[in-house]
Amino acid sequence: MTEVPISWFLALSAILFALGVAGFLFRRSIITVFMSIELMLNAVNLSFVTFSYQYKQVSGHLFTFFVMVVAAAEAAVGLAIILTVFKNRATLNIDDVDSMKN
Amino acid sequence: MDSFIVITLIKLAVIAAVLLTAVAYLQWVERKVIAHIQVRPGPYRVGPHGLLQPLADVVKLVTKEGLLPSYVNRPLYLFAPFIAVTMALLSIAVIPFGPTIHVAGYDTWMQLTDLNIGVLFVLAVSSMGVYGIALAGWASNNKYSLLGGLRSSAQMISYELPMALAIASPLLVSNTLSLRELVGSQAGSILSWNIIRGGQIFAFIIFIIAAFAETNRIPFDLPEAENELVAGFHTEYSSMAFASFFMAEYLNMVTVSAMATLLFLGGWEAPWPAQYGSSLVPSAIFAIAGLVALYHGANPPHKLDRYTFSAFGAVFLLIAGVFLLPMVQSWLLPLFWFLAKTGLILFAFMWIRGTLPRFRYDQLMGFAWKFLFPVAMLNLLVTSFVVAWIS
Amino acid sequence: MQLWLIPILPFAGFVINGLFGRRFSKGLVNVFGIGSVVLAFAWVLKTIAGLGDLNSAYTEHYFTWIQSGAFTINCDFSVDRLTEVMLLVVTGIGSLIHIYSIGYMAHEHGPNHGGYYRFFAYLNLFMFFMLVLVLAANYLVLFVGWEGVGLCSYLLIGFYFTKKFATDAGNKAFIVNRIGDFGFSLAMFYIVKAFGTLDFSQVFSRAAGIPEGTLTLIGLLLMVGAAGKSAQIPLYVWLPDAMAGPTPVSALIHAATMVTAGVYMTARSWPIYTHAPMAMEVIAVIGIATAFFAATIGLAQNDIKKVFAYSTVSQLGYMFVGVGVGAFSTGIYHLVTHAFFKALLFLGSGAVIHALSGEQDLRNMGGLRSKIPWTFWTMACAWVAISGVPFTAGFYSKDAILLAAYRHAPWMYWLGTVTAGITAFYVSRAMFMTFFGKYRGHEHHIHESPPVMMLPLTILGLLSLGGGFLFEVPKFLSSVFPPVEEFEDLTLMLTSVGFGLAGIGLAILMYVAKPAMAESLAANIKGLYTLVYNKYFVDEVYDATVVKPLVGGSRLVLWRGIDVGVIDRLANGIGYGARDIGGVLRLFQSGNIRSYAAWVVFGSVLLIVALGLAAGGGR
Amino acid sequence: MDIVLFLIFGTIAVVAAINVVVQTHPISSAVSLIGVMGSLAVLYLLLGAEFIAAAQVIVYAGAVMVLFIFVIMLLNAGAEVKRGRSLVVQLLGAPLLIALLGLLAYFVERVFPQSVKVHFGGFTGGSAQAVGRALFTTYLLPFEVTSLLILIAILGAIVLGRKELD
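Protein chains in written order, with this note's numbering: chain L, 34 to 135; chain P, 51 to 441; chain A, 9 to 627; chain V, 10 to 175.
FYI, nobody ran anything at the bench for these hints, they're computed from the structure.
Wrong hints could be hidden among the right ones.
[What the hints assert, rightly or not] DSS-like mimics (lysine-lysine), calculated; alpha carbons at most 27 Å apart, straight line:
1) A/K171 with A/K34
2) P/K82 with P/K114
3) A/K483 with A/K54
4) V/K126 with L/K89
5) A/K172 with A/K556
6) P/K193 with L/K120
Modelling step: build the complete structure from the supplied sequences, incorporating the hints.
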């Protein structure tokens with residue numbers, strides 16, 4: 034059985050996180066931006082679970098669990114907000130939603 | 051290690067072959083049952099009593115041209131039926147059909163793989179099943195399909211909640227997440243099944259209702275309500291892609307029926323202990339069936355039946371005899387009980403399809419959120435209090 | 009024993025009446041307002057019965073309030089015999105006065121029955137704080153009650169807040185009390201510094217080991233606090249003005265209970281004082297000076313409540329004399345009897361005022377004896393008691409104090425005896441001007457007060473007459489305080505009684521037999537009379553020496569100089585600065601979410617770099 | 010075996026994540042994201058987090074993403090339009106991203122000892138029982154608070170989503 038260095042998992046987590054950031058920065062669709070956030074959360078979850086393995090403690094799993102719960106709640110509210118935005122402005126382009134500017 | 055892989059591969063092959071055939075014949079059974087409910091003969095032409103009808107259907111579906119409409123989202127359109135059937139097949143992997151058996155010097159379970167979170171696995175996979183339908187509806191780029199997909203995803207995530215809650219109650223009673231241990235905790239007689247001992251009759255009813263909705267069966271088959279949506283999410287599908295959805299639906303029915311059996315009806319446990327003659331029941335049933343068939347063969351309603359009924363009668367009597375052999379009883383009896391219970395529930399699926407009308411969509415959602423969910427919640431609450439009280 | 013229930017009951021009354029009383033009928037307000045206090049009284053009785061002999065303090069711990077290293081302050085209540093006496097006085101007399109208030113406040117006009125619910129809510133709140141003060145097992149909890157009663161006193165003095173003089177009087181009481189509280193706070197700080205704790209039992213058990221200088225300082229600072237609360241020279245000026253509040257308030261807060269808190273506190277702190285004789289001497293001197301000084305002012309007052317207010321100041325002086333000469337139990341004894349007769353005098357004067365529909369000036373009264381006889385006879389009980397007529401309540405306690413004072417320093421005895429004579433004279437004067445002679449007022453609908461007011465008067469009357477030998481407070485408290493030598497001297501006793509009777513006799517002569525004599529006397533010693541009539545111009549002196557310079561200085565230095573010159577400039581400068589910085593930062597606020605995200609990432613990168621640098625490159 | 014599994018599913022995760030970012034159509038991104046989540050679930054199993062793996066599939070893949078797809082279908086969202094721009098992102102975005110990734114990689118490499126290796130079955134404390142025990146003892150308060158959070162989220166979603174009453 035070949036084993037995997039623990040830093041590989043963390044590196045994977047870092048890559049996924051960076052990709053999430055990239056999605057947030059470069060995408061214009063609100064929904065995609067939102068999904069990028071979920072991607073970042075997933076990357077962080079992977080780190081938590083990895084740390085849990087490293088320290089042989091279950092706490093990391095619980096953090097992940099709570100992140101999931103919060104993500105679910107966030108998705109419910111966030112998507113409701115997206116629906117409202119779409120209803121009021123008929124756009125999903127994040128650069129069009131900038132009325133805070135003035 | 052190697053033997054493990056080999057055994058697993060053999061089991062895989064057996065289960066896949068039996069299951070896929072069973073699904074095809076399930077379709078035949080359903081058509082027959084509904085036909086008899088509606089007082090008509092049903093499939094009759096292909097083979098004796100239409101017994102070869104499924105084969106003919108398969109040949110037809112496979113050889114038909116797979117249409118790919120030009121305006122669909124190709125990758126997803128092709129991907130969706132794949133997801134649907136994969137997810138339906140996946141959950142079978144953790145479902146045990148019987149206890150450990152001893153074959154050719156090896157001990158093995160009548161199950162592909164045992165997870166100690168088997169129930170969670172089934173839940174997870176069934177929740178993934180939504181994607182097949184939702185993506186199919188969306189990728190078809192057709193308003194009927196889209197609406198069907200929307201309805202289906204809304205319906206499935208709505209009914210997943212009461213279903214999960216209904217599953218949680220027997221889990222509390224049995225105190226395990228492993229499907230095998232779940233059955234082990236219900237060993238004995240019908241009195242120790244979760245539906246009786248755990249007082250989970252309400253959970254069972256909720257589970258069955260939610261299962262009907264999860265599998266998009268009548269009376270909850272809104273996603274494919276033909277008078278409103280043509281054929282719902284699979285309007286644009288034909289040939290094998292269409293067959294995939296069809297298979298997925300029947301596989302899901304088998305899965306939920308098996309789950310209901312494992313969770314509530316004691317799995318492969320006999321309704322009463324063997325010393326009171328439960329081991330003779332299969333023989334008796336098959337013997338009676340064989341005698342009836344032979345009688346009908348002697349007095350055939352049709353010319354051809356003289357041979358078919360006689361043949362069936364002989365086969366049934368043979369099976370009845372096999373059940374009496376002590377060397378196979380150890381694994382055949384549990385399998386019989388498991389399949390009998392699952393079959394009963396499957397029969398209920400068909401029976402209800404022949405009897406009930408369809409819900410209206412708002413009634414469907416209202417029923418899920420305003421009635422089923424609170425009741426399931428209450429049931430779980432009461433169960434947990436009782437479990438905490440007793441332990 | 010659930011000691012917490014005692015203060016919590018009135019507090020519940022306060023909360024209920026305070027929150028919902030606006031919508032209640034008067035009856036319902038009464039149920040909660042008076043019921044809670046009566047229940048508290050009942051609970052006090054049950055507690056005392058349950059605690060039995062109580063030769064050492066019984067303490068209940070509730071929670072740790074402040075914890076800082078080794079220094080801990082608990083929220084504790086504790087009961088010993090001294091506390092029992094105070095509890096009985098506070099809840100007993102408090103209950104009577106609450107009942108009396110039903111009748112007294114019944115005719116208030118204005119919205120919500122003239123703030124009827126507000127009155128009882130404040131009164132209940134006062135009871136709560138007073139009981140906390142009495143039950144406290146350390147200085148800080150006592151201070152909570154101390155400040156709380158001050159607040160309630162302020163609220164109730166200014167109860168008629170539409171009248172300027174009432175709110176002014178409230179402010180005055182509050183501000184003067186602040187000076188005293190400042191002293192008290194300093195005392196607490198020194199106690200913490202010297203003892204490391206504020207807990208009574210620990211402080212008192214360690215008092216012997218502390219240098220006398222520190223104890224003297226603490227004692228004097230505590231005395232400043234007590235002087236503020238108990239209206240002693242030089243901080244007595246607020247009490248006469250406090251009569252602007254409703255009369256039951258004057259009776260409860262400014263005669264029977266709150267103003268005696270200073271005496272209670274000094275008596276409670278006796279282990280500190282016994283090791284600081286200097287401080288005790290100061291207390292005794294201040295006490296006797298206040299007693300005499302306030303009595304002389306009382307001679308020339310024409311407002312019936314003012315007379316009794318100065319009398320209160322004077323009697324509080326007596327109590328301090330008792331404490332100051334080391335006879336702590338006599339001070340508490342006088343506190344109890346004074347609570348009886350002074351509450352009665354105030355309630356009686358309230359009944360008179362009530363009968364005359366608000367008239368307070370003695371010159372507009374007279375001859376009321378026949379019109380409101382029950383009021384007269386009950387007040388007469390208090391009159392003989394305060395005058396020190398033998399075998400009444402005041403006789404026993406005042407006599408005990410004077411005897412103790414004689415043992416300490418004979419001049420104090422003589423001054424006290426003279427004061428007793430003056431006291432007898434001015435109280436008699438007030439009584440005669442009210443009840444004897446012929447009626448000089450204009451109100452013609454003079455009526456006896458309702459039974460609900462007469463009942464407390466009657467009970468207090470009986471207590472004023474018999475309370476002295478019924479409750480032998482010094483004997484009861486003998487286990488609490490250091491023993492005092494038994495000292496009986498019939499001559500001295502007779503002398504002081506004689507002075508008292510002489511005072512009454514003089515008053516009969518001047519106000520009953522020859523009514524003109526008072527006027528001519530006043531005319532003969534016009535200078536002196538004017539001086540006394542204007543209360544020695546103390547208020548004016550304070551105004552000129554303290555208040556004016558303070559206000560002027562504040563205006564010039566604090567307002568013009570510091571406020572405008574420094575603070576405003578600073579505040580405006582910050583504002584301008586923020587605006588300018590904002591002008592730059594505004595460019596970041598593009599409204600574009602993705603730009604924000606980029607800045608967040610930028611910050612994260614900086615943060616990671618900083619963390620890496622801080623951790624020394626990672627390992 | 011373990012390393013093979015890691016490589017397979019790690020690659021799937023990275024490729025799918027890249028796909029999330031580069032696809033112009035939200036639904037393609039969503040499907041790719043489901044792929045990321047699924048492969049992460051497998052990696053969780055590898056790390057001994059069986060309950061979390063199941064929860065990952067049930068909650069994330071089975072509920073959250075269904076919601077996403079549902080909304081995409083409901084809004085019939087099309088491919089995104091290249092309109093509007095952010096100067097900051099254009100100038101700073103790529104360098105920042107590279108800096109972030111580089112720093113993370115550097116620290117992961119520096120901080121974490123190579124000696125700790127992951128093999129399947131190396132940690133068995135992630136069973137449903139263990140997680141449940143910790144959840145209902147040590148983490149009871151956060152757990153209850155999250156239930157409150159979810160309640161609030163439900164209310165918020167309902168308020169935001171309901172039709173205007175006019």
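Structure-based check of each hint:
no.: 1; hint: A/K171 with A/K34; verdict: 24 Å, holds
no.: 2; hint: P/K82 with P/K114; verdict: 25 Å, holds
no.: 3; hint: A/K483 with A/K54; verdict: 22 Å, holds
no.: 4; hint: V/K126 with L/K89; verdict: 12 Å, holds
no.: 5; hint: A/K172 with A/K556; verdict: 20 Å, holds
no.: 6; hint: P/K193 with L/K120; verdict: 20 Å, holds
Every hint from the earlier list agrees with this structure, and none is contradicted.
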